[in-house]
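J.: Given chain A, work out where chain G should sit, using these hints.
The listed protein sequences correspond, in order, to chains A and G.
If you count the first sequence from 1, position 50 lands on 50 in this note's numbering, and the numbers rise without skipping.
If you count the second sequence from 1, position 66 lands on 66 in this note's numbering, and the numbers rise without skipping.
Do not rely on the hints blindly, as some may be mistaken.
To be verified - Here are some of the chain G residues that sit facing chain A, going by a computed Cβ distance under 7 Å: (1) V10; (2) G11; (3) A33; (4) D36; (5) P39; (6) F46; (7) V50; (8) A105; (9) I106; (10) G110; (11) G111.
Unchecked claim - With a cut-off of at most 30 Å between alpha-carbon atoms, the simulated DSBU-like pairs for lysine-lysine come out as follows: (12) G:K82 with A:K125; (13) G:K82 with A:K34; (14) A:K34 with G:K7; (15) G:K7 with A:K125; (16) G:K122 with A:K124.
Please keep in mind that the hints were generated in silico from the structure rather than gathered at the bench.
Please read all numbers here as calculations on a predicted model, not as lab measurements.
Note that the Cβ used here is the ideal one computed from N, Cα and C, for glycine as well.
Residue-level listing of the chains:
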Amino acid sequence: MAEKKFPVEATHIMMFARSVGDENPVYYDEDYAKKTESGGIIAPPTFAQASAQFEPNFVLRPQVGKPWMGSGKTPTGTPPKPKTEGEKKEGGGGGGGLHAEQHFEYHRPLRPGDVLSVTILPGKKWEKEGKRSGKLKFSETISEYRDQKGELVITARGVGVVTERVVEQK
Amino acid sequence: MPLSAKKLKVGDSHSEKVVENLHRTQLVMYSGASGDYNPLHSDEVFATQVAGYPSVFAHGMLSMGLTGKMLTNYVGDGRLTKYGVRFSTQVWPGDDLTATATVEAIREEGGKHYADFAVSTKNQKGQEVINGYASARVDP
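Isolated chain A (complex conformation):
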């Protein structure tokens, strides 16, 4: 079990809404939002995922002084993982796996000024044989977002998958 703090800020909500192509003023215009049912700026439904910004050692964020898997002088900054016996060319593995499912349960919308505590709980793990990418290894993560009053506001369940090889394109 891990816990992190996630302060919700208006500028972050605005940037996030733009990044999902949503120009609804309820995500950036306080004067407009005040007159709506929301009563103020709220965050879009998938915003909780941006709590990754506040994870101290998030593996998908480059960190100063540490090797990064993306390209620079060479196509990748980290040596390829040693192949286990019989393992074929690893696909999504190079990028830390792929996202298979995401589920949210909302108790109320997030608002600027909220300071959330996020508790991350491990979930189930399972395997499946895939048609287009070989053996698939699934693992589930449950994140509980509680507000400054300790009330549960969002429960998120993510499922990640590591594929045996690059996903074949249809």
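T.: This is chain G only, laid out in the frame that chain A set:
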């Protein structure tokens, strides 16, 4: 305008084109805002030469976010109680995505009204990229 339980019927649906000709820059915007800087989504050199994909591709969560815009436009702001998806096919630069919500049930619980939806997002070839569900609080 929030939906009203009285006016909704099972089978009613709402569709929106949520992105047209998805640009790589949109993937960069999503990386920056979400904090998911996986180079598969922004680094063409890494995505093609190291990971072996034909190009960078969209974060699953970008497709879910784009689909979420259709949902909130349909059910109203702050009305969702549940939203979940499975990512079935990758989304590539240049793709057009159309998201659809279809009413599956209208119910009352503790004096409040809710609607349940099936959610599906398809690319320009008609392939489903997202398959999911949502529930929202609706007016009586």
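J.: Which numbered hints turn out to be false for this structure?
T.: When the structure is compared with the hints, numbers 1, 2, 8, 9, 10, 11 and 15 turn out to be violated.
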